[in-house]
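Heads up: the sequence lines are chains Z and H, in that order.
Sequential numbering from 10 applies to the first sequence in this note's numbering.
Sequential numbering from 348 applies to the second sequence in this note's numbering.
The hints are simulated quantities; they were obtained by calculation from the structure and are not laboratory data.
Everything numeric in this text was worked out from a predicted model, so none of it was measured.
There may be inaccurate statements among the hints.
[As the list claims (entries may be wrong)] The calculated DSS-like cross-link candidates involving lysine-lysine, where the alpha carbons are at most 30 Å apart (straight line), are:
#1 H/Lys460 x H/Lys582
#2 H/Lys553 x H/Lys460
#3 H/Lys462 x H/Lys553
#4 Z/Lys185 x Z/Lys173
#5 H/Lys462 x Z/Lys324
#6 H/Lys502 x Z/Lys40
#7 H/Lys462 x Z/Lys79
#8 Z/Lys40 x H/Lys467
#9 H/Lys582 x H/Lys502
#10 Z/Lys40 x H/Lys494
#11 Z/Lys324 x Z/Lys231
#12 H/Lys467 x Z/Lys324
#13 H/Lys460 x Z/Lys324
#14 H/Lys534 x H/Lys553
#15 H/Lys553 x H/Lys502
#16 Z/Lys133 x Z/Lys163
#17 H/Lys553 x Z/Lys133
#18 H/Lys494 x H/Lys582
#19 H/Lys467 x Z/Lys320
#20 H/Lys462 x Z/Lys40
#21 H/Lys582 x H/Lys467
#22 Z/Lys173 x Z/Lys163
#23 H/Lys467 x H/Lys534
#24 H/Lys494 x Z/Lys79
#25 H/Lys534 x Z/Lys40
#26 Z/Lys320 x H/Lys462
#27 H/Lys494 x H/Lys553
#28 H/Lys460 x Z/Lys320
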Amino acid sequence: MRAESIRNRPFSPARLEKNFRWSDFRREVYKNRHYYILMAPFMVIFFVFTVLPVIASLGISFTYFNILEKPRFIGWQNYSRLFLNDDVFLTAIRNTLYFAVITGPVSYIACFLFAWVINELPPKIRAFMTLVFYAPSISGNVYFIWQIIFSGDKYGFINSLLMKLGIILEPIQWLKDQRYVLSVIIIVQLWMSLGTSFLAFIAGLQNLDRTYIEAAAVDGVKNRWQELWYIVLPSMRPQLLFGAVMQITNSLAVADISVALAGFPSVNYAAHTIVTHLMDYGTIRFEMGYASAIATVLFIIMLGTNILTQKLLRKIGG
Amino acid sequence: MKKLIHGRQKQLNRSFTVTFLLFLLLALFGVFMALPLIYTINNAFKPLDELFLFPPRFFVQNPTVDNFYDLVYLLGNSWVPFSRYLANTIVIALLGTAGHVILASAAAYPLAKYKFPGSKTLSTIIVLSLMFSPHVTSIPNYMIISKLGWIDTHKAIIIPAWAFPLGLFLMRQFMEQIPSALLEAAKMDGASEYRIFWQIVMPNVKPAWLTLIIMRFPSLWGSDGGSFIYSENLKTLNYALGQITQGGIARAGAGAAIGLVLMIVPITMFIISQSNVIQTMANTGIKD
Numbered sequence: 010m011r012a013e014s015i016r017n018r019p020f021s022p023a024r025l026e027k028n029f030r031w032s033d034f035r036r037e038v039y040k041n042r043h044y045y046i047l048m049a050p051f052m053v054i055f056f057v058f059t060v061l062p063v064i065a066s067l068g069i070s071f072t073y074f075n076i077l078e079k080p081r082f083i084g085w086q087n088y089s090r091l092f093l094n095d096d097v098f099l100t101a102i103r104n105t106l107y108f109a110v111i112t113g114p115v116s117y118i119a120c121f122l123f124a125w126v127i128n129e130l131p132p133k134i135r136a137f138m139t140l141v142f143y144a145p146s147i148s149g150n151v152y153f154i155w156q157i158i159f160s161g162d163k164y165g166f167i168n169s170l171l172m173k174l175g176i177i178l179e180p181i182q183w184l185k186d187q188r189y190v191l192s193v194i195i196i197v198q199l200w201m202s203l204g205t206s207f208l209a210f211i212a213g214l215q216n217l218d219r220t221y222i223e224a225a226a227v228d229g230v231k232n233r234w235q236e237l238w239y240i241v242l243p244s245m246r247p248q249l250l251f252g253a254v255m256q257i258t259n260s261l262a263v264a265d266i267s268v269a270l271a272g273f274p275s276v277n278y279a280a281h282t283i284v285t286h287l288m289d290y291g292t293i294r295f296e297m298g299y300a301s302a303i304a305t306v307l308f309i310i311m312l313g314t315n316i317l318t319q320k321l322l323r324k325i326g327g
Numbered sequence: 348m349k350k351l352i353h354g355r356q357k358q359l360n361r362s363f364t365v366t367f368l369l370f371l372l373l374a375l376f377g378v379f380m381a382l383p384l385i386y387t388i389n390n391a392f393k394p395l396d397e398l399f400l401f402p403p404r405f406f407v408q409n410p411t412v413d414n415f416y417d418l419v420y421l422l423g424n425s426w427v428p429f430s431r432y433l434a435n436t437i438v439i440a441l442l443g444t445a446g447h448v449i450l451a452s453a454a455a456y457p458l459a460k461y462k463f464p465g466s467k468t469l470s471t472i473i474v475l476s477l478m479f480s481p482h483v484t485s486i487p488n489y490m491i492i493s494k495l496g497w498i499d500t501h502k503a504i505i506i507p508a509w510a511f512p513l514g515l516f517l518m519r520q521f522m523e524q525i526p527s528a529l530l531e532a533a534k535m536d537g538a539s540e541y542r543i544f545w546q547i548v549m550p551n552v553k554p555a556w557l558t559l560i561i562m563r564f565p566s567l568w569g570s571d572g573g574s575f576i577y578s579e580n581l582k583t584l585n586y587a588l589g590q591i592t593q594g595g596i597a598r599a600g601a602g603a604a605i606g607l608v609l610m611i612v613p614i615t616m617f618i619i620s621q622s623n624v625i626q627t628m629a630n631t632g633i634k635d
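Isolated chain Z (complex conformation):
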């Protein structure tokens, strides 16, 4: 009997290995059951409200669905309509990319540059400046103050200032003129964009090992730019990657500011973005299938840009 049991094992290696792995897996899961229990509440909610919706959105995007009737499968029709027949969507994509190409990199560099300069200040002033730069991004709906600043009548702060200086003679409709509205929104967006990544950069810089910089100076690093490139940036790579994700996602999701300042829909769709287009079809026209196709395109753009940027940023400093 003993001989048999010994013989049985080596003679079916594949099955043995499979069994081995499976029981091993089960043992691992059982051993770690407390961890699964700890994670369960968060993960259940996370899957229901984040992962499931992404999958659902993808599925719905191939249907015609107006909430009242059952969804009807229509294949790629939503997507072909989106790219071939929807001029407003193309405007929205153009505006969104325009916003993102300007606010994304500018805000990212600004976050880092300001964090870097602030870091050289004495602690008390540093805390104050951090507050000044960070405050706009957490002040909630305070961006409505820009509506007063850029108000189209002569009581608007910018208009009255320019008129007093004699640069313009009559008030400019900053928020109702398609020549200006995009730029105004970009300014406000930049004003609000020194958020989480800015804090991450400040923190990363504060925890930087000073001895590296001193050692580098001995080794012949000549000025602060070399120090930045060879010492500071490489040692902050994790924060830089994190910050990039935050800035890119935010710059592609411009909507609230556009709606608050330029109205919805904005004049001649001048400030229409992918997200406002999504809001239009999702919450006003109830074309859920079509809106889901818009959401899916947005999802792909966001994820694609982020992953690409991660790859590029990993190259910094070698």
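Based on these hints, arrange chain H on the given structure of chain Z.
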């Protein structure tokens, strides 16, 4: 002068001109960042005649708290009393934030300190979920919430807020710093995983709690109920305030007061917890 700066900063190779220019740049942008906020504060204390002065003055001349009285009066006369909106907002913000801190920490602890089947996949999914905004999921989210029968309840806002992935991510990065020896020692003494989490891990990550609170509280505080809440007596402060500002020119004073009310809560919270937040943020970052 040059020597002094070099001496104070204990750093080498700094050119005075560049330092000066950089700080000038910082000061200029600091003014750009701060002015709208200062303007908001000043507007809140301006009497009506100053709000409609031409040319408008930046600073208030005869400060008054009339606008706040107007605001309280307007809200007091509304169909649903002001205190109700305030209570709704406080319930949403407190429950949402507290649940988020606890659940995110509980989920972050195993992911930060242990390897087990699925831990890597879950971490990857969390990082990926940082890469798109909640707008993407808004439509299915609405359907799920309506299937659950949560429409027109506070649950629709509170419970999804508990599983905000950025909170889990920050918490996990912070918990990685806890020495494993500490946890091992507790295990040797026979503490259960739950006790270790609650009595050892949680007290050690207080700065990270504050960060999560700072990230979540303001957005819940500023929530206007979105497309989930329809009953007037369940609506939030931000919604009520929005209704007032839409009342037109006569409400400009109350509107300016609102700006200050909405702004002051998150900023005060940040001032109080700044050093803790920075400490947590030092551990953020996506590792290679």
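Verification of the supplied hints:
no., hint, verdict
1, H/Lys460 x H/Lys582, "violated (41 Å)"
2, H/Lys553 x H/Lys460, "holds (17 Å)"
3, H/Lys462 x H/Lys553, "holds (24 Å)"
4, Z/Lys185 x Z/Lys173, "holds (22 Å)"
5, H/Lys462 x Z/Lys324, "holds (28 Å)"
6, H/Lys502 x Z/Lys40, "violated (34 Å)"
7, H/Lys462 x Z/Lys79, "violated (44 Å)"
8, Z/Lys40 x H/Lys467, "holds (17 Å)"
9, H/Lys582 x H/Lys502, "holds (13 Å)"
10, Z/Lys40 x H/Lys494, "violated (36 Å)"
11, Z/Lys324 x Z/Lys231, "holds (23 Å)"
12, H/Lys467 x Z/Lys324, "holds (24 Å)"
13, H/Lys460 x Z/Lys324, "holds (28 Å)"
14, H/Lys534 x H/Lys553, "holds (22 Å)"
15, H/Lys553 x H/Lys502, "holds (27 Å)"
16, Z/Lys133 x Z/Lys163, "violated (40 Å)"
17, H/Lys553 x Z/Lys133, "holds (23 Å)"
18, H/Lys494 x H/Lys582, "holds (21 Å)"
19, H/Lys467 x Z/Lys320, "holds (20 Å)"
20, H/Lys462 x Z/Lys40, "holds (11 Å)"
21, H/Lys582 x H/Lys467, "violated (40 Å)"
22, Z/Lys173 x Z/Lys163, "holds (10 Å)"
23, H/Lys467 x H/Lys534, "holds (24 Å)"
24, H/Lys494 x Z/Lys79, "holds (14 Å)"
25, H/Lys534 x Z/Lys40, "holds (14 Å)"
26, Z/Lys320 x H/Lys462, "holds (26 Å)"
27, H/Lys494 x H/Lys553, "violated (37 Å)"
28, H/Lys460 x Z/Lys320, "holds (27 Å)"
In terms of the numbered hints stated before, the structure departs from hints 1, 6, 7, 10, 16, 21, 27, listed from lowest to highest.
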